[in-house]
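First to last, the sequence lines map onto chains A and B. Just so you know, the working numbering puts 270 at position 270 of the first sequence, and the rest follows in order with no gaps. Just so you know, the working numbering puts 516 at position 99 of the second sequence, and the rest follows in order with no gaps.
Everything labelled a hint here was simulated from the structure, so no lab data went into it. The hints are all genuine.
Calculated cross-link-like contacts (lysine-lysine; reagent style DSS-like; alpha-carbon spacing at most 25 Å):
| # | chain 1 | residue 1 | chain 2 | residue 2 |
| --- | --- | --- | --- | --- |
| 1 | A | LYS408 | A | LYS45 |
| 2 | B | LYS531 | A | LYS209 |
| 3 | A | LYS252 | B | LYS503 |
| 4 | B | LYS558 | A | LYS252 |
| 5 | A | LYS85 | A | LYS47 |
| 6 | A | LYS224 | A | LYS244 |
| 7 | A | LYS411 | B | LYS585 |
| 8 | B | LYS531 | A | LYS252 |
| 9 | A | LYS411 | B | LYS592 |
| 10 | B | LYS527 | A | LYS210 |
| 11 | B | LYS531 | A | LYS165 |
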Amino acid sequence: MKILISFLIAVTISFASDATIEVIKKVDSLPSLAVEDASVSFSNKFKMKFFRSLVADMNVISLFNVDRSHRTVDYDASEVVYENKDIDYVLRYKLRKDDSGALNIELKILNKNNIVFNKNYKVNNPKIYMFVSHTIAYDINKYMGEPSVEWMKRKVIFSRVVAPKKSELVIADYTLTYQHVVVKGGFNIFPKWANKAQDSFYYTSLDEKKPTLKYVNIRTAKSKIIKSSDGMMICSDVSDNGKKLLLTMAPKGQPDIYLYDVNTRKTKRLTKYGGIDVSGQFVGKEKIVFVSDRLGHPNIFSKEINSHGGVEQMVHYGKSNAACSAFGEYIVYKARESSNAFSRNTFNLHLISTETDFIRRLTAVGVNEFPRFSVDGDAIIFIKNYKAQSSIGIIRLNHNKNYLFPLKYGKVQSMDW
Amino acid sequence: MNSIVISSVVTALLVLSGCSDKEPVVEEKQEIAAESTVEQVTPVETETVPSDEASVMSEDRRYSSASSSMSSIEDGMETIYFDFDKFHIRADMQNRVTNDASIANGAASKYSLKLEGNCDEWGSDEYNFALGLRRSNTVKKSLLAEGVEANRITMVSYGESNPMCTLKTEDCWAKNRRVDFKLLP
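Input sequences plus hints: build the corresponding full structure.
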């Protein structure tokens, strides 16, 4: 045991920036934070919703031990409430509705009764209060000098299966508190944001004679057909500039990965193996990783986009690795941990670095799938299905914490953020 | 059929705002922390758009546009079942395929055939959809061998999203690993 610990410490020092082992050095206790509500408008129900959202966000930024007690106070009180006198940081806010019905928020952070941070926020529609809460968390994280959590402000798009062959596409915030159905009726799956601005998306419609890829512009509410294929038609990934797509198509019953040029509408077949090649993901401009059963069971491989051969196996651990997402040197993948379908531990997510041999298991129970790195690689979003409950999970890699946000009904089929 | 519902709220939101070949080492320690912290967050109340189609077993199996004769012919076509993680035709399914091919070449000869591949609940990712497709493709090859014309056959995979049975039992999952036949005008 001592040898193992010594070894881990030695490796930690050698590879201190490796996210697969980063957690080992995070042993310090976190500063405490309490939240004080000084609101003067809105119902108690709304006040509690906002409080819950803010406490959840403060937890997710993983910088504080957050006290969940809801305490009220006058915004201008010179001292924190008595119960919070030993707390390191006190976040105090005031919700106020103005004449136009807009939600105004004054906020400050007290440290030993001194104001160390303050900022005001306003949103015209109070119903989207959760995005203000996420923005506050983003700002406080920035104030604390931590790497950006830009992903907190991004939107998630997911497909929710509500009955056999019936689904809806939903846009939500990352906690699923805000949900807006954008495509309803029919069987539509595998939504994918079309660009970084998140103002349009692709999805697969299975209501046509053949699986069909469609595109929707949210701003104009216009939809158009991109392409159809017999068997399968899925947009697996969109390039950083939005100009290239990786599609899984099976025009002759053979699932392969194709590169699609949005401007010229031309496709180029990238894989030609006689088995299953699916789930292409861009790694930079020259390379893709994908899932293939070319070794007899699904695993993760990579390939240069412009080469004719040169397929490389990327993952050497796991019996059955059927989904992945890549960011820089890191690959997160789904591995089947048990062939017993009734096991509590069936599919888990693992993180590997292509620079080291370490593998980090990121989840422990249930069916965990659809891992997706955030745009900055700081977090991973995934779907967890456990005990008949479908949730979206957020993994903070450098803080070794997972957060789950359950779906009230239906089952998440796939998602993107 | 699909209604695209775009809200101004969405617009408002926009405003707001090289692998090693060495033996790998699995660090088991991480498993503990990953889930133990999940309960830290007080679940946030969610606001959802109510679904008027939440019933899981309410599907009408027939195409609404299908004529009654097409539906009755379709009902005569037998579903092909598969073993776990497999896509070859089992020996006990061979007679079913032969029966389906004879209907396809007889009563259903003026229709197109849609082969719908389905999987059990082992994941909703692309690989599972591909497994469903391989099952459809196996049935297609068997039909071709029995003389059904290739241009009459289309295929689709529904992955795990079209279950016949939603119980968590082995028998139930076996019912979901299947290829269904649909007739198209």
